[in-house]
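S.K.: Residue strings, one per chain:
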Amino acid sequence: MSNHVKVAVLVTPGYHPVSGRPRPAQADVAALGVAQTISTSLKVLTAGAPSDASLDGYLGLGASEIEVLGDEGCDIVDTLQPALSGQELILLGGRADGGEASGLLPYQLSAQLGVPLVPDALTVKLVGRLVRVTQFMPKGLRREVEVSLPAIIAVHPRAPINVQYAFAKARQGRLLRSRIGSTGKVSSYWQYEAATRRPLMLKAKLKQSGHARMLGAIASDDGKSGGQVVKTGDAVAKAQVVLDYLREHRLIDF
Amino acid sequence: MVSFAHILTGLFWLTMVVLALGLAKRSAYWRQGQEAAFSWVSLLTVPKRYFVDLHHVVAREPYIARVHVATAGGAVAVLGLVALNYGLMLYQTWLDYVILFFALVMLAGSIAVWQRRRNAPSRLSKGAWSRLPVSLIAFSLGTAVLMITHATASVYVIAALAMVGVLLGAIEFARGIGAGGPMKHAIAGLLHLAFHPRQDRFDGKRSTDLKPLNLEKGEFGVAKPSDITWNRLLSFDACVQCGKCEANCPAFAAGQPLNPKKLIQDMVVGMVGGSDASFAGSPYPGKPVGQHSGAPDQPIIGQLVDADTIWSCTTCRACVQECPMLIEHVDTIVNIRRNITLTTGDVPNKGAEALENLRTTDTVGGYPVEVRYNWSIDLDVPVLQPGQQTDWLLVAGEGAFDMRYQRALRALVKVLKHAGVQFAVLGSAEKDCGDLARRLGDEAGFQRLAKENIALLKNLKFKRIVTPDPHVFHCLKNEYPAFGGEFEVHHHSQVIQSLMKDDRLRLKASATAMPDFTYHDPCYLGRYNGETDAPRNVLKGIGIKVVEMERSGMKARCCGWGGGSAFTDIPGEARISDMRMQDVKSTGAAKVAVACPNCTAMLEGVVGDRPDVVELAELVAERLAD
Ligand code: SF4
Ligand code: SF4
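As you go down the protein sequences, you meet chains A and B in turn.
Mapped onto full-length UniProt numbering, the consecutive letters of the first sequence carry residue numbers 1 to 254.
Mapped onto full-length UniProt numbering, the consecutive letters of the second sequence carry residue numbers 1 to 626.
All clues stand as given, with none of them false.
Straight-line distance between alpha carbons at most 30 Å, and here's what the computed DSS-like set of lysine-lysine pairs gives:
(1) B/K451 / B/K211
(2) B/K217 / A/K43
(3) B/K25 / B/K126
(4) B/K501 / B/K545
(5) B/K417 / A/K203
(6) B/K461 / B/K211
(7) B/K417 / B/K463
(8) B/K350 / B/K224
(9) B/K540 / B/K414
(10) A/K43 / A/K6
(11) B/K414 / A/K205
(12) B/K585 / A/K207
(13) B/K287 / B/K555
(14) B/K451 / B/K463
(15) A/K203 / B/K431
(16) B/K417 / A/K207
(17) B/K540 / B/K508
(18) B/K431 / B/K217
(19) A/K205 / B/K591
(20) B/K205 / B/K463
(21) A/K139 / A/K238
(22) B/K591 / A/K207
(23) A/K139 / B/K350
(24) B/K501 / B/K591
(25) A/K231 / B/K585
(26) B/K417 / B/K591
(27) B/K414 / A/K203
(28) B/K414 / A/K207
(29) B/K414 / B/K463
(30) B/K350 / A/K125
(31) B/K414 / B/K508
(32) B/K508 / A/K207
(33) B/K591 / A/K203
No lab work stands behind these hints: they were computed from the structure.
Taking the hints into account, I'd like the entire structure generated from these sequences.
M.R.: Given below as structure tokens:
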């Protein structure tokens, strides 16, 4: 039943924050993972000139075909819009690792296509022609919203997903390239600056071995060190001890 | 009138026919597997392999070895002589007495087998195996009686009874192979010796048989029993369910859902088709027997074996070391993992993350490669540049990112400098060697890293490689040659040993007596490479007395890291590292010496009061003069 709904996923090239190597963007990975819970036949799209290496990851995560639209410097929204017009449900990462797909893209698409947008989605469920979305909110809060098709859903990077990279899938997957010209007006607004970071000196407060510190931190039955071992009482009483500890150390905020 | 002698003749030939039919049936099962190198000439190697290589393993338990020699030797002699005297219808009385002698030898052996079975350790399988001694006794006793009466008994009742006994034994033997009874091990075992998947095992070569997969051709490991090579299917049939693998498996001892013996039997079930309900030994901890089934063309994972069983293995090879039938469990486990990882990527817990890190950063922990040698900034360690030349290339491995292990690395640099060794490091050019990727089944990741590393190393001028990480050592030494990377690789314990031998280390006169130490053997140095002496010699050389643990050297218990176990982290009842620390404690030694970054991390991670964990190089560095 859910397979009747046409689902598209937008993906973007990302890069690893440590090595700078091309890879999928984490929020888009989440979008792909969430989309796979809704439909088995997905239309996966990207625009611009991403490197094959960055798309390989999406193929390995189960995207069997990725359509690559547009060209270097094209306007992403203009390029994507015609390809998305027939789609009923569009999923994408709320924020990519850089470039035009970061932040504004879901809103621009929503405005141009005239389709409602639900940001920060964690889980998405189709109920008939309705989409039920759990949204991420700060401090661990969650909210359920419903929207009717067609809709755009921007997925939060923390969405619980269950996809893993598999070499065989990456090899079987295909990239389909079609060149569509566009104006490239947005990318000309961007300015890039090098980030600066000052090194932080780390100093050990105590000159103790790791094992000694570990012994100090862990609980023992004799009560001499660390915490406290609670062996009596029911589960509620034990949980209360943990809760008190967390409150005392201001680890929870209510 | 047909005498008992003629009946014996008939029985003998009938046995041979049943045996031949059984062998044909069994070999049809094996032929379901994939091709592997094959030559009939290998059959000629069987006597030497049987009497030397196999005997070495069996003789570790001298009593059982003698019992087996009496039983099997007696049986083979009886069969051979019966073939001669009755098969060929010579009916010589003096030959009857020779047969009688061997029948009695076999009887003695069989009684000993029966005795042992009455008080069987839990590792032995029951079921059909409990029936075996009875059949053996019946056969040898029956044969003896017939030989006394020269098979022409005047007391027909006795002779007829004896004949029943012989028949029972003959059935056990002849039907064993075809019906998959316990005696199939005799035939399958001998053939397994000839067609062993790792022929160089008999040239004393240790290590594994992890053949590189041809990924271009779509080789993605083992998904179903028929993906296994035929000679490995044959090897599973050789298993005698002695449970020595089970008794030495750290994962089984920790209550993780793995029992190497059951795994081998499950592979037999998969090859023949059916369920595991008739398995009569210890189950996988926490998994009841009888709920899994398989067939040659059905997937192994999920139906026949659960994935967590396959992920519990630390690839420590203790099972391989102990198996009297020379079965190699680890290769099959990794081959199954390869299929999971390459086709679904379903690697449990932190395993998938580690593989992702390797893909995106070339380090297991996702570190920037530029900082790998930060610990050596103040030590003036040269980074080898193309065009330059050095004697030794020091490869630190992933341990270089670990603050605990950096102390050991600094100590090693101190020792090398003290001895005037010319060495250099790879600096930011060093990538992970790929050991973890390979053990976790990511053959694609491993091959990429191996090829890139080999290209890098071939571009540099150095004579030898030294590393303090046995996993790096093993990988570079034994697994890179398949990709064209032949390097001379040494473990740092071996290098320090030879520096000591050449008197290149000047030691302080020892002021205080050293406490007693014990030494923990890393699997990838000991069992994978046979090096158990060098670290001990180093410790001895600096005046440390090693109190041996019960499980040490080639029998050492794993620390629990290997095979990616520290990442996949399949829950059990205990932790392997805690059990190893218990081994350490029970020696009464005050400290434990280690020679591997991963053992260091695992043993250091044991909480509570415990002996200190000290790396070999640290101990040597401490004792250097000046
Ligand atoms: S390699 Fe070690 S952990 Fe794996 S099955 Fe064998 S004994 Fe058990
Ligand atoms: S695999 Fe080897 S060690 Fe294990 S039960 Fe079988 S014969 Fe014994």
